[in-house]
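**Student:** Residues per chain are reported as follows:
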Amino acid sequence: MTAFQIADSIQSIGFLTYIRESGYTYPVIMASHLASIAVFGGLILMTDLRLLGLAMTDCSVTDVVKQLRRWKQIGFVIMVTMGLLLGTSEMDKYYNNPYFQFKMFLLLMVGVHALAFHKSVYGNTEAIDRMPQIPQVAKTAAVLSLVLWIGMACAGRWIAYYEQPREGQKTVATAVANPGDIVGNKP
Amino acid sequence: MLIYDLQANPLNSNEWAFPLTECFHITAFALSIGTIALVDLRMLGLGMKHQTVRQLTKDTGLWTLAGLVIVILSGLMIFSSDPIHYLYNQAFRFKVTMLVVAIVYNYTIHRKVAMSDGSPGTLKLVGGVSLLMWIAVTFSGLWIAFI
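Listed in order, the protein sequences are those of chains F and A.
For the first sequence, the positions run 35 to 221 when the numbering used here is used.
For the second sequence, the positions run 863 to 1009 when the numbering used here is used.
So that you can see chain F by itself, here it is in the shape it has in the complex (with noise of 0.2 Å):
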């Protein structure tokens, strides 16, 4: 079984070819998925932000840090369901575009990022906010998670520019060579 057919029959399970095929769900799906980044990727940043000194230095990070947990955990929830729904739905497509497996790749460091941070930064704010300054391992916490959210956004702009190579190029690029072919075509 080749990677295509398996992108092919992910994507044939029945409501996800509703997805793609429908006028309206597919549109709905993204505009929520972007909706969500909207409403709690900002969430994301102002964590960052606070964990870098930079922004809502009147609350205690642990104040920040707990008190958003549950609704970027509710946030993160609905933008990966959201995304999962679009990209599955056109699997073909997406499975060798390498914006998307950058983009899976980011959604995996993501992972890595909460496993790593949790026991010195997101679990351990009650100690930060008792250091006269905020230590350099949660500032690299949140430098990292910038990174990784931002490109995340990015990859996902970029997957929509991607362009497949076809088999039939060598074809057309034959033909261009010999201009006789396309007389034709002139205007």
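The hints are simulated quantities; they were obtained by calculation from the structure and are not laboratory data.
Wrong hints could be hidden among the right ones.
Said to hold, decoys possible - Stretch-level coverage of chain A by chain F, calculated; a stretch enters the list once three of its residues show a Cβ under 8 Å from a Cβ in chain F:
hint, region
1, 882-890
2, 902-914
3, 987-1001
For each residue, glycine too, the CB sits at the ideal point set by N, CA and C.
For chain F, the structure is supplied; the task is to place chain A on it using the hints.
**Tutor:** For chain A alone, kept in the frame of chain F given last:
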């Protein structure tokens, strides 16, 4: 007569310029709308309860403004890539109208209520309306590409 050569616009002639501008647009609306949503969630009584609405409005104000400036600048750049196409697009018209209403609302009613720590009912109404308006802006923004 003014003739605007679309191909002279770097957004149309440079392969990277358009998606890169969109990246700025997305990151900036996450910042502006996200910070407004943070205040709205507090107004709705759904989060950040250790802080007052007034304090959160003050703390996020500058970031909201910074986000709005970048989102509008990048939006104008995207608009410049094909003005006629956008002007005749119903989703675009709705989006711009909604955006202007939402910005005016944010800096008048929303701000006034947030800074005065009004009754829970008023806060909920004002915060809920704000959240819905900004979601409508992003929805119609995406819809531009589908009509």
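**Student:** Confirm or reject each hint.
**Tutor:** So, going through the hints one by one against the coordinates:
no., hint, result
1, 882-890, "holds (count 5)"
2, 902-914, "holds (count 7)"
3, 987-1001, "holds (count 5)"
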